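*Asks:* Here are the chains, one letter per residue:
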Amino acid sequence: MVYARVTNSYMSASVFENTNANQARLVELQTQLATGKRVGKPSDDAVVVPSILNTQNFLAKLEVYDKNITHSMGELDVAESTLDSLVGNLQRVHELTNQASNELNSPSELKIIANEIDEIIRNVVNLANTSYNGKYIFSGNNVATPTYAVNGDDITYQGTLPTEDYQFEVQVKENLKVAINEAGVNIFGEYYQTAGMATPADPTDDVFYSNGIIGHLKELTVDLRTDPPDYNLIRGKLDVFDEDIQQTLFYQANYGNLINTLENTRNQLEKEEINAVDYKSTLEDIDLLKVSSDIQFQEIALQASLNAAARVIQPTMLNFLG
Amino acid sequence: MGNMFQGLYTSADALRLNQVAISVINNNIANMNTEGYSKQRVDLQQGHTMPGSIDEKVIVPIGGVELETITRYSNNFLEGYLRKEQGTLGYFDQMATSMSFVEGYFNELDETGITGAMTAFYAAAQELSMDPTNKITRSNFLQRAQDLATEFNSSYSRLADYRESLVGDSTTSSLNASQIKTVANEINVKLKEIATLNDDIASLTSQQNIKPNALLDQRDLLINQLSEYIPVNVDYEGSHANIYVGNIKLVEAGEQIAEFGFDMAASTFDNPAVVNITSPDGSNIYCEDYQANFPEQSGQLKALLDIGGDGVNSIFASLQDLDLLAQEFARVVNDIQVRTDATPGAEMTSACIDGSVSPQQLIQATEYIFLNVQAPGVFDSNAITASNIQVNDAVVADPYLVATAYIEADAAPFAPNDPNAIGNNDNAMAFANCRDTSILALGGFNVEDKMASMISEIGSYTSTINNSQDAQSAIVDQINEKKQMEVGVNLDQELMDLVKYQNSYNASARVFSIVNEMMQLMMSLLK
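Quick mapping for you: the protein sequence lines, in order, are chains A and B. Just so you know, we're using my numbering here: the first sequence kicks off at 1 and counts up by one. Just so you know, we're using my numbering here: the second sequence kicks off at 1 and counts up by one.
The set of hints was computed from the structure by calculation and includes no laboratory data. Check each hint, because a few of them may be wrong.
Claimed, not checked - One side only, chain B facing chain A, incomplete, derived with CB under 10 Å: (1) M32; (2) R72; (3) D380; (4) E457; (5) G488; (6) V489; (7) L491.
Only a predicted model underlies this, so the values are computations on that prediction, with no experimental measurement involved. C-beta: ideal position from N, C-alpha, C; glycine also.
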């Protein structure tokens, strides 16, 4: 057998290569362990890079949707409690109407009731003009304008009309937008007697325009102040306000349903987030157990190679020549 | 024994030659770690038997020992093989270094850089859609837009600066400061040194019949170093080494007949460094464009030209990708900002807020969000690149000019009491959702996916290069080891030889002293 000529520079070069390779692998494992990431730079595993970035983008979207939901819930909560107060007011109106329909009431007593109704109308208008975060929530998209303007007897709706684009949509999920507002005029109605307003009525007509809760309340005050009073007419209003309460409860329930929907959506988002985080982790994170044991193995390999090198490099014939 | 004095001479020669042998060993040991050193060996031969040494029927061997030559261990085949593989390694070494820089500039896995800025921009757009009338939300949206533009600018300039450090930017001053210029100079210097060495070696060999081993080592080392820059071929002609690259002769005997230079007339921004090969006085052009004529992936010079040029995996390609990305991103955003839609019966338009009147009202949006910084006031998305993208100053000055609404353009549009009023967020929503718009110019990707695919492509190319470098480095190591096995110094062997020649020296000295004693005895007989 012919042996290769093993020269000293060959030996030191190969010792260096081997220990260096072991050291490089060790450093790589240590970096992985320290960062917890298998993919620290794109070239570590270029194939999964788009998936990692996509998941990152997706997670960022989820975060934004979650914020949108929080913000919307705030507004919806305010709207719902506003309608709650409105129902309270309407119940009081119903009581007063019931009281007024009693024919023992004199016209002056009815006027006192009418004054209280006036107060309630002011309350209702205030409720309708509720703002959240600087936006009038019942004004449709006309957010910077108070929902109602009061001018003498006229109570005019200034928000976006239901026939126009009044809905304020919020993105709460991939491909899911919800409208979180209702046009105030649908809930509160209006009452005016002026020409030229932008309403469904013919603007050229100088007509009396009365509609919804505000309309009914205004009409009631007119009826109460009529002398002699028409008690039957007043009694007839009881059914009207019953309907108004029902309708308000309906809108309130709508807001409640929306809040529920958003809560459900939030739960879904949380689940999606957990899944996405999990997926991202399988893409880029290390298997801690495996890397730890790899490191130990690599340490042993490095020590062994250093040990062997120390034995091989040292002795020459010099050690033995006298 | 013929002549007694002859005996003295034989011993003296032996002493002298053993001394030479020991000094060669000494030199081997001294140079055992010198780069490019080849082990040398003393070859001895038997001396000629002189006339007069014939004694009757027998020829008595009294010629003694002679120095035949001092042999240098070398293997031209291995050298050639090593040079070839070293050239390839030089290519991949340079590529790997460059790609690790480029990859570093694109390392966006930690949610920084362009990707991070895009995410923040789209999040700000969503916030804008939640609160379109809020000036702070609008400012925030524009701030994120400017952050993104700045990220585009700085990513571009970092890449462009790195490229300039490699191959310049087609100006003479930047070329002179570039790495490729240094490499070309190195090549020329080495060619010159090889030519000079050729001369020295030839004159020593032919005139004085000496083998200049040290010079031969030096020349081999130079050619080796040269092969890391360019794929050289060597043609040994007598004691000369003629150097070629491809079939272009660079060194012939003692003369450097070609040198590497730059064709500044052909230099463009796309391809700043055009390397040519000319005669030193420039009168003859042997190769007009090194990169085009030497397709082989060999040598650092070729790597610099590939990464610095305008090829597929060059930095220039990444710069172009960035430009395209910035432009298409800006186009999508600008188009949403000033969009109109002529649906029959209901013409739709984007609208921003006129904040100067009270109550605020919508007006048609005309200002772009993104502009070319060099052409402020010019609304042209085609003029936008990664290096010049910037948010329109007019919009920054008045954030209400961001078109958040998308409404029907009435006959009397945007009247103060228009029911389509300022809270409309349809256009803001469009900003937020344009992240999913697939863009034809980006190959059907949306901007984020395009960015991800760019990063992935760079990563995958880097990893290919790294693998090639690893493999090639293993090959070169192997050849180097093989070479070291053949020409390297083995200390044990040298020590053994040392003892051998020492013993021989001792013995010759002993013989000398015996002959001397014999002569003295003879002298005493004469008394």
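*Asks:* Decide, hint by hint, whether the structure agrees.
*Replies:* Hint check results:
| no. | hint | in the structure |
| --- | --- | --- |
| 1 | M32 | holds, 6 Å |
| 2 | R72 | violated, 15 Å |
| 3 | D380 | violated, 29 Å |
| 4 | E457 | holds, 8 Å |
| 5 | G488 | holds, 3 Å |
| 6 | V489 | holds, 6 Å |
| 7 | L491 | holds, 5 Å |
In terms of the numbered hints stated before, the structure departs from hints 2, 3, listed from lowest to highest.
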